[in-house]
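Asker: Turn these sequences into a full structure, and let the hints guide you.
If you read the protein sequences in the order shown, they are chains C and B. Going by numbering that gives the first Met the number 0, the residue at position 230 of the first sequence is 229; the numbering climbs one at a time, nothing skipped. Going by numbering that gives the first Met the number 0, the residue at position 161 of the second sequence is 160; the numbering climbs one at a time, nothing skipped.
Since the hints were made in silico from the structure, they are not lab data. Treat the hints with care, as some may be off.
Label pairs and their calculated CB-CB ranges [unchecked claim]:
| id | chain 1 | residue 1 | chain 2 | residue 2 | range |
| --- | --- | --- | --- | --- | --- |
| 1 | C | Leu489 | B | Thr325 | 43 to 49 Å |
| 2 | B | Thr325 | C | Asn465 | 51 to 57 Å |
| 3 | B | Leu129 | C | Pro261 | 30 to 36 Å |
Here the structure is a predicted model, which is why all the values come from computation and not from measurement. All residues carry an ideal CB built from backbone N, CA and C; glycine is no exception.
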Amino acid sequence: MQFLLPLLLAVMLAFPAAAQDAADVLRAHRDQIERPSRMTIGPVIDELAASGDPAAARILAAWEERRLGLLPDGRFVIEEDGTLTDLTGAAVGGDASMLRPNAGVRGLIASARVRFQLADPAKRAEALTAIARNPAPEHLPLLRAALAEGDDPAMARTERLLTIRFDPDPAARVAAIQSFGASLAIDVRAALNPILATTRVVSLDGPPPGNIAREVPVDEIGRTAAYDLLVAADLAPARLSPEGERAALLSHVEDGRIAGIPVATLNTRAARDAAYEALEASGAVPPAATEDEVDAALAAATIADVYAEPEEAVTDAARAALRGIDTKVGLMRFADLAMDAVSLASIYFLAAIGLAITFGVIRVINMAHGEFIMMGAYIGYAVQQVVPNYTLSLVIALPLAFAVAFAAGVALERLVIRHLYRRPLETLLATFGVSIMLQQLAKNIFGTQARPLTAPGWLSGSLTLNDVVSISWIRIAIFVLALLFLGLYLFIMRRTRLGLEVRAVQQNPSMAASMGIAPGRINMLAFGLGSGIAGIAGVAIGLFAQVTSELGQQYIVQSFMTVVVGGVGSIFGTLAGAALIGFLQKGIEWMNPSNTLAAQTYMILFIIIFIQFRPRGIIALKGRAAGD
Amino acid sequence: MRRSTIIFLAALAFLTVLVTVLAGTGLISTSFVKTLGMTLCLCLAAVAMDVVWGYTGILSLGHMAFFALGGYLIGMWLMYARTEAIVVQALSGQTLPPTPEEIRAGIGGQLFGVVGSTDIPWIWGFAHALPLQLALVVLVPGLLAAVFGWLAFRSRVTGVYLSILTQAMTLALALYLFQNDSGLRGNNGLSGLQNLPGVSAPQSVTALWLFWASAAALAAGYLLAAYVVGGTFGSVIRAIRDDEQRVRFLGYPVEGFKLFVFTLTAVIAAIAGALYYPQAGIVNPAEMMPIASIYLAVWVAIGGRGRLYGAVLGAAAVSLLSSWFTGGRAPSIPLGFYTIDWVDWWQVLLGLTFVLVTLLAPKGIGGLFDRWPK
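Answerer: Next up, the structure:
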């Protein structure tokens, strides 16, 4: 007997693992498996996973993927590639009804499958994803067991994340927290943030127990809110609210009077307070806290934020780590914002560069400039209807947009603007007439709905540097395009005959004319060039904005601003203006992140004030462009 | 008084009597009376625009902002007073008479529920009192115009730069009002303005009252404008239009003259707006977008700049034609292969007219009258 007992014990201990195979577990819990609920199925899944039967992995996988079924005779079957097998893998025939566990149950199954998957390097990534989605304390020993067998960086990282959350030993948790340093990864922040979660606690006798983050002065949250905390914690009587007072008074109306006061006179707060006090004096209503009582209660109370996490060492480590992370995140945010600003600036620059030519070189304000941008965007859309390959259609659309807008610009200059060179204000109105015509024509042709202009695959997605800084490829492409145009403009203006003549006409048209340059022709070409560039800008803008007949309108005022702030007639002025406006807008948005409308408002106000100090823009030119 | 002023006032008086008689006999509908009244308000705004642009040479692309602002300011009272009446009515059935706080909370919920708030913003502080709010109709746009004009004229912003700057001002204001936390109900704007608080008269009667008020305002505004552009003052501002620099060298405070005209016309536009929106029934930030101000310039240009009756003619003709064409009442023209539907093509026609008028008839419709013997 003396040696038999330990043997028996050993057998009994080994028995559940060895003898209870997966099929038994399934049979024993058939009802629950057929109609599982997230609440009750957990133990069954655990039992299945802990059975030690190699078939369990297969069963759980089939169950999660909705391939586990029941034959009418009650036997479980697994569907694999369209054929049914029983739990041992032998083929069976028949008509099985498949089990359809819901998402919650499948989450539990996925979590239980982890132990099988961790052991298999091929399936390890899947298991780590399942853990990340649904972390649980019981994953920790599994991970450590798997790590003991072989090292895997991703697995080790997950193990450390779980250590932070679930390890019972505070020292191990602190070490795990510190091992991450100032990591920017979202999962690290997700593991650290719950540690620092606090609840606001109020107590009357000294600081409340627990790991106190800090004591909160009453002034900080306000007297009303502080007293409400006391009331909510049942530490003080409720204060009389207007609604409560009203209800109390209403329940004591007798013959149109409350405590002898006619109801009709109770149309002010003071009168109601008096009536309530009269009721209070007669004992008809419970006493409500007066202002003095509120003050006394607040003087005795301590309000504190208390960590849900009891270990001070852990919260200290987490706080220190998060502080480091926050600094780094702040820097990264700044970089991200600067990139956004550069991208916005390049959009404004693109939209304004054509205007800088038409407005700056020939000092004609073209209100239809926005419509040339719109024209470009619609050409991009129309080409995509014919050429389904997005890359190829873009290659066709860009020169086509330039050509069409160039032709439209030349036509506008020859038909309208040429006659109005001596009346600049009227050019503004005539081109506005053209603008509403073009807008309505676009509406008549393409309808009022926004048309999609899809970017090719290689332009979709974004360049991600880390979890904070990322910028979409379209914006990078627009930045490159803006740089290209800057180069092109500088090349045309400084290295070609046309540029020389444009500059000559810009500075002194009559002198240029007497030197044999035809100002009319130069004006026409400059106008066409400006319009053509607007067309190309339209294709670029259409890639990320909605292509509608109002597309141009959204950029026209900003374009004018860019040119005016920068200084008319100078391409570097336009560049500076675009940079100033882009950075300003992003900066204001950053200070007031909820509101881009307000950002635009303040930006325009800033520009109006800016004009006070530099009426001719950042870079002021001399000559004809400098105006009267 | 010039002959054109007398003719204009006589024509306006005749129109007012005619409309009153026709409306009394039911020959023209209430909505048409409203349309006519609104048109008169637009004419008044056009007169203001003509003074500032046609006579002084400041192409302001922001005067409709003052117009809409006037509408907003009167709309605040109209909406507040009407909501107050409704709330008081709703609360009066209860046993306990409502306290002022409860009424205020009720009004706040009614007015700002659409933007998710119940507090009445501070800018509605005077909305309960008509005289105070009426003072604001003049003061707020006047002050805005004075500050903006002072900044702009002081730094010698002229010509197209000034036009762009005024356009930017309008856009800034509109964008600000589009926000929900601007305190003016965001893009919902103010609505229900056609119901005059405390007035139980039917719409057909109030429409006529507002029409008379609009006609009176137009007559007064026209007289004021005629007085301003006549005499020495008028000569100076026309000289500023023609050569600002030379007037400055002659010793005139050009900036002062411009600022006065800019502010005065802004106030006239605001008053026009304050009469317009009770007839339109609703005002929202979209009314302030720069395009509205450009249209105002279009009316004046088509009517003929530098003559007050031209501005009135242009505004009346284009806005009435506009509502006729876009209202779907104009007959479509079937071409066999394509039907010209004026709702779609009116804008194109307007744009084209505008280009042609600018190119071919710089004096606008008013220029035709020059051929009459004086």
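Asker: Does each hint hold? Answer for all of them.
Answerer: Right, here's what the structure says about each hint:
Between C:Leu489 and B:Thr325 the C-beta distance comes to about 47 Å, which sits within the given range of 43 to 49 Å. The beta-carbon spacing between B:Thr325 and C:Asn465, approximately 54 Å, falls within the hinted interval of 51 to 57 Å. Between B:Leu129 and C:Pro261 the beta carbons are some 32 Å apart, a value that agrees with the proposed interval 30 to 36 Å.
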